[in-house]
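The listed protein sequences derive, respectively, from chains P and Z.
Counting the first sequence from 1 gives a position; our numbering is that position plus 20.
Counting the second sequence from 1 gives a position; our numbering is that position plus 20.
Please note that a few of the clues may not be correct.
The list makes no distinction among identical chains, and a pair is therefore deemed to hold if it is satisfied within one copy or across any two copies.
Said to hold, decoys possible - Here are the simulated lysine to any residue pairs, SDA-like style, with alpha carbons at most 25 Å apart: (1) Lys250 with Asp302; (2) Lys58 with Lys95; (3) Lys250 with Arg276; (4) Lys346 with Ser59; (5) Lys95 with Arg140; (6) Lys128 with Glu57; (7) Lys346 with Gly76; (8) Lys224 with Met42; (9) Lys132 with Glu24; (10) Lys26 with Ile155; (11) Lys128 with Gly266.
Hints in this document: simulated from the structure, not taken from any laboratory.
Protein chains: 2
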Amino acid sequence: MVVETKISQFDSIALDSGATLMPVEIAWESYGQLNAEKSNAILVTHAFTGDAHAAGISHDTGKPGWWDNMIGPGKAFDTDRYFVICSNVLGGCQGTTGPACTNPATGKPYGKAFPVITIRDMVRLQRMLVSSLGITRLLCVAGGSMGGMQALEWAVSFPEMLLSCIPIATTWRHSAQQIAFNEVGRQAIMADPDWNEGDYYDTKPPARGLAVARMVGHITYMSDESMREKFGRRLREKDKFGFDFGVDFEVESYLRYRGSQFVSRFDANSYLYITKAEDYFDLANGTGALVDAFRTVQTRFLVISFTSDWLYPSYQSQEIVRVLRKLNGDVAYCDLPSNYGHDAFLVDVAEQTELVRGFLSSTARSARAV
Amino acid sequence: MVVETKISQFDSIALDSGATLMPVEIAWESYGQLNAEKSNAILVTHAFTGDAHAAGISHDTGKPGWWDNMIGPGKAFDTDRYFVICSNVLGGCQGTTGPACTNPATGKPYGKAFPVITIRDMVRLQRMLVSSLGITRLLCVAGGSMGGMQALEWAVSFPEMLLSCIPIATTWRHSAQQIAFNEVGRQAIMADPDWNEGDYYDTKPPARGLAVARMVGHITYMSDESMREKFGRRLREKDKFGFDFGVDFEVESYLRYRGSQFVSRFDANSYLYITKAEDYFDLANGTGALVDAFRTVQTRFLVISFTSDWLYPSYQSQEIVRVLRKLNGDVAYCDLPSNYGHDAFLVDVAEQTELVRGFLSSTARSARAV
Numbered sequence: 021m022v023v024e025t026k027i028s029q030f031d032s033i034a035l036d037s038g039a040t041l042m043p044v045e046i047a048w049e050s051y052g053q054l055n056a057e058k059s060n061a062i063l064v065t066h067a068f069t070g071d072a073h074a075a076g077i078s079h080d081t082g083k084p085g086w087w088d089n090m091i092g093p094g095k096a097f098d099t100d101r102y103f104v105i106c107s108n109v110l111g112g113c114q115g116t117t118g119p120a121c122t123n124p125a126t127g128k129p130y131g132k133a134f135p136v137i138t139i140r141d142m143v144r145l146q147r148m149l150v151s152s153l154g155i156t157r158l159l160c161v162a163g164g165s166m167g168g169m170q171a172l173e174w175a176v177s178f179p180e181m182l183l184s185c186i187p188i189a190t191t192w193r194h195s196a197q198q199i200a201f202n203e204v205g206r207q208a209i210m211a212d213p214d215w216n217e218g219d220y221y222d223t224k225p226p227a228r229g230l231a232v233a234r235m236v237g238h239i240t241y242m243s244d245e246s247m248r249e250k251f252g253r254r255l256r257e258k259d260k261f262g263f264d265f266g267v268d269f270e271v272e273s274y275l276r277y278r279g280s281q282f283v284s285r286f287d288a289n290s291y292l293y294i295t296k297a298e299d300y301f302d303l304a305n306g307t308g309a310l311v312d313a314f315r316t317v318q319t320r321f322l323v324i325s326f327t328s329d330w331l332y333p334s335y336q337s338q339e340i341v342r343v344l345r346k347l348n349g350d351v352a353y354c355d356l357p358s359n360y361g362h363d364a365f366l367v368d369v370a371e372q373t374e375l376v377r378g379f380l381s382s383t384a385r386s387a388r389a390v
Numbered sequence: 021m022v023v024e025t026k027i028s029q030f031d032s033i034a035l036d037s038g039a040t041l042m043p044v045e046i047a048w049e050s051y052g053q054l055n056a057e058k059s060n061a062i063l064v065t066h067a068f069t070g071d072a073h074a075a076g077i078s079h080d081t082g083k084p085g086w087w088d089n090m091i092g093p094g095k096a097f098d099t100d101r102y103f104v105i106c107s108n109v110l111g112g113c114q115g116t117t118g119p120a121c122t123n124p125a126t127g128k129p130y131g132k133a134f135p136v137i138t139i140r141d142m143v144r145l146q147r148m149l150v151s152s153l154g155i156t157r158l159l160c161v162a163g164g165s166m167g168g169m170q171a172l173e174w175a176v177s178f179p180e181m182l183l184s185c186i187p188i189a190t191t192w193r194h195s196a197q198q199i200a201f202n203e204v205g206r207q208a209i210m211a212d213p214d215w216n217e218g219d220y221y222d223t224k225p226p227a228r229g230l231a232v233a234r235m236v237g238h239i240t241y242m243s244d245e246s247m248r249e250k251f252g253r254r255l256r257e258k259d260k261f262g263f264d265f266g267v268d269f270e271v272e273s274y275l276r277y278r279g280s281q282f283v284s285r286f287d288a289n290s291y292l293y294i295t296k297a298e299d300y301f302d303l304a305n306g307t308g309a310l311v312d313a314f315r316t317v318q319t320r321f322l323v324i325s326f327t328s329d330w331l332y333p334s335y336q337s338q339e340i341v342r343v344l345r346k347l348n349g350d351v352a353y354c355d356l357p358s359n360y361g362h363d364a365f366l367v368d369v370a371e372q373t374e375l376v377r378g379f380l381s382s383t384a385r386s387a388r389a390v
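If we strip away everything but chain P, and leave its shape as in the complex, we get (with noise of 0.2 Å):
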């Protein structure tokens, strides 16, 4: 199945900063068919450093998507039933209005003019774009990680606009911690004399500040055990072992490349935008009353998320569950046990598969929507 990435443009997009974007540009995927009566369309939302190419071969690159195994004919996300979109999100470097763009005031890109956006306003944009395809109920959005802030979200700002959500190894708000590893990973692009207050498009972009914010983030998304089956001790040439400077184990050598690679395909100030967005997303908008926030939302939730996961532990999906439960939400929750830490969400998909297929079929069932 090869999908091309489509661009829908809106005239002007009002941000929760006071700002406004026009145009503003979106970068979208669907994949299977939407149906007549338009109700049987799934939001899938991406992850921070993912794109609009969830699922089937890009044209463009010939990769599959960062979903590929969740969506598809016969997948969780079975594109025989489902009419699935994803996008990318608002600030994103992947073809939706992001820093890199250019900024219709000057004509040059915006860097460090791109105004402050939220996960609600990525949520804003997609509601833009779902809205022009004419539909008016979703039948889910589900995502994992940043993806689900932006389910959630949904839930939160258009409850009347979908039947179900699927928050995946995700939380309603940042904790210390996860504010401190982005802000390193910020720190360390804005270290890069190259970063240039954000000014780089013309000439290099901070690709050593990068490629170290994007190991730190690897070693996040993943666990001390996964990390251990994958690399142990083993080095990487023996013979240099000890007495030399440089690479000795092959963890070392796969950060290395890992971060090197992230430099050509993710922009770095959309790296410090969309880090921000995340650190500023709360649910409960500061008063610690997440009950308040969902008060009046109607939708079926699913709440997944993995035992090994360290970055967005299990306790964070259950203050959600528990939050959901008290308001006699419909929701039902699973902890899957996984040795694959925060990335489980993208490899372990076995069990995951089974309760989202599951779950679609309830919702699709309970509202005759397929």
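Got chain P; can you put chain Z on it based on the hints?
Quick look at chain Z alone, frame taken from chain P:
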């Protein structure tokens, strides 16, 4: 109690790498009195960024030592009974020979010409210091984190020279995750153009890279819970929240402060050399057979870990304990409850004090040493 740091010089030291340093200096302090039999000496070994100033008030800086809550009259390491020594590690930057010192071959700082060092090299130099004081057997070697690695190495390399060993919050070899965190710190430093291949002593140090490295470290020293208790999501300046691009949360400002503060007291090249020594450390020399390393060891052990320490998780201490028990070794073990993460061995000292005091007393009694 005002203390002065002393410097001892030795003609040369042969290193694991095959290189020889000549001369070599070691900075050290001592607390309490060495008895006539020279049987009451305890060596305390410091963690990664520590120094020789473990207790009392520094004559030079006016600051208390890094383990002043554990060392002193009536404290865990009771200086009314014991003679406590602490020295700065080889490769460090607080008085002991390290990459910032003058290379006699060139008259310039070593920089990257400094030989690769190991934990065993550090211990070898400590042994030279201890012997130079006329001490043939230590009552105990004790330390946390990298200090614990040195304590373990003492027990294995010089089993006849210590009666007991207290490795705290440590491991017998770094896991892939621990190597990965160290590697991120190294990459942050080496990504800073001011690092200049280690040759920066005539110009300015790689302050930005070193600060980022320190920030990563700080996150790993704390726990999710201790960060939440200390910072939560508290904002630095409420007005600025949400729509500025700088410091929003207290945890960000704390990390930036600790990062920049560190630069003034620590040498970036020492950071590189010492983290490599940690990563190379493997008490089983790559065989995986820890039992062989401990086979000839007669030392008594008190092994301590902390429940919330995710950088040096308790299971790593338990691996050591299991092997020692298999050998019918004399080993006491305690996994102390604490919320402070890896930092617990420095700050959460009430229970640790009781354990250490009792263990040292019984060691001294059984040896009729004090």
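Comparing the hints with the structure gives:
| no. | hint | in the structure |
| --- | --- | --- |
| 1 | Lys250 with Asp302 | between (35 Å within a copy, 19 Å between copies) |
| 2 | Lys58 with Lys95 | within (21 Å within a copy, 74 Å between copies) |
| 3 | Lys250 with Arg276 | within (15 Å within a copy, 33 Å between copies) |
| 4 | Lys346 with Ser59 | neither (30 Å within a copy, 65 Å between copies) |
| 5 | Lys95 with Arg140 | neither (29 Å within a copy, 54 Å between copies) |
| 6 | Lys128 with Glu57 | neither (43 Å within a copy, 79 Å between copies) |
| 7 | Lys346 with Gly76 | neither (40 Å within a copy, 54 Å between copies) |
| 8 | Lys224 with Met42 | neither (27 Å within a copy, 44 Å between copies) |
| 9 | Lys132 with Glu24 | neither (30 Å within a copy, 50 Å between copies) |
| 10 | Lys26 with Ile155 | within (17 Å within a copy, 77 Å between copies) |
| 11 | Lys128 with Gly266 | between (40 Å within a copy, 23 Å between copies) |
Consistency note: the structure conflicts with the earlier hints numbered 4, 5, 6, 7, 8 and 9.
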